[in-house]
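Novice: Chain residues, written in single-letter form:
There are 2 protein chains.
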Amino acid sequence: MEAINLANKLSTFSEHWQPRTVGQFNGNDLMVAKVKGEFVWHKHDDTDDFFLVLQGRITIQMRDGNVTLGPGEVFVVPKGVEHRPVAEEEAHILLIEPSNTPNTGDPATAAARRVV
Amino acid sequence: MEAINLANKLSTFSEHWQPRTVGQFNGNDLMVAKVKGEFVWHKHDDTDDFFLVLQGRITIQMRDGNVTLGPGEVFVVPKGVEHRPVAEEEAHILLIEPSNTPNTGDPATAAARRVV
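Each protein sequence line maps, in turn, to chains A and B.
For the first sequence, our numbering begins at 777 and goes up steadily by one.
For the second sequence, our numbering begins at 777 and goes up steadily by one.
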C-alpha cells in the first residue's frame with residue numbers, strides 16, 4: 777500500500793486529452809490528464825463531470841457561460857449539461873468518473889481507459 | 777455556476793478534524809478538512825476512504841503499516857481496513873465520501889456534515 781503521487785503519474789505520459797486511471801474507490805475511477813487546446817462539445821447524460829485543476833488553467837465552456845479554473849479549483853459539470861473544456865497552455869487535471877461508465881458513442885467518452 | 781476554490785473554503789474555518797462539504801457529484805460529498813494531531817482508530821465497513829493532501833503532510837496509520845502523504849498525493853484506505861490519520865503539523869486535505877453514508881455509531885463517522 778503506497779501513496780499515489782499525481783505529479784509522478786502525470787510525468788509518465790505526454791499526450792493531451794487522454795486521461796489515465798491512477799486509482800479506484802467506491803466504484804469510481806480516479807484519473808489524471810494533460811490538456812491543451814480545445815476539446816469537443818459534449819455531455820454526459822447520466823454522470824456529473826468532476827474537474828480539479830492541479831497545474832495551469834482551464835476554461836469549461838458551457839452554453840450558458842464559462843468557468844475558469846486554476847490550481848486547487850474544482851468544478852462539477854452537472855449531468856446533461858453540454859460543455860467544452862479548453863486550455864490555452866498545457867494544464868494538468870484530476871478527473872473522477874464512475875467506473876465502467878457506459879460508452880455513449882460520444883467522441884468524448886469513447887477513449888479507452890488506460891491505467892498508469 | 778462558479779469554481780469551488782478549495783483554499784478559500786478552507787480559510788472559512790479553523791477547527792481540526794471537522795470536514796466541511798464544499799460540493800457534490802454523482803452521489804458523493806466533496807469535503808475539505810484541516811487536521812492536526814491524532815484522530816481515532818476506526819474503519820468504514822462499506823466505503824473506501826479517499827484522502828488527497830492539499831497542504832502539509834499526514835500519515836495514515838494502519839495495522840499493517842503506515843503511508844505518509846504530502847501535497848498532491850492520494851491514498852485510498854480500502855473498506856474494512858482499520859486506520860488512524862495523524863498529522864504532526866496542521867495539514868489540509870480533500871475527502872470524498874458517498875453522500876448520506878450511514879452513521880455507524882463510530883466516533884469517526886458521527887460528526888454532523890457541515891456545508892461551507
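A portion of the hints provided could be inaccurate.
What the hints assert, rightly or not - Stretch-level coverage of chain B by chain A, calculated; a stretch enters the list once three of its residues show a Cβ under 8 Å from a Cβ in chain A:
1) 778-790
2) 805-817
3) 849-855
Calculated directly from the structure, the hints in this document are not laboratory data.
Glycine residues also receive a C-beta, built at the ideal position from the N, C-alpha and C atoms.
Novice: Can the stretch 805-817 of chain B be counted as covered by chain A under the rule of three residues or more with Cβ-Cβ separation shorter than 8 Å?
Specialist: As far as the stretch 805-817 of chain B goes, the hint is violated, because 1 residues have Cβ atoms under 8 Å from chain A.
Novice: Between the stretch 778-790 of chain B and chain A, see if three or more residues pass the 8 Å beta-carbon test, and mark the coverage as holds or violated.
Specialist: holds (count 6)
Novice: When I compare C-beta atoms, does the stretch 849-855 of chain B have three or more residues closer than 8 Å to chain A?
Specialist: holds (count 4)
Of the hints listed earlier, the one the structure fails to meet is number 2.
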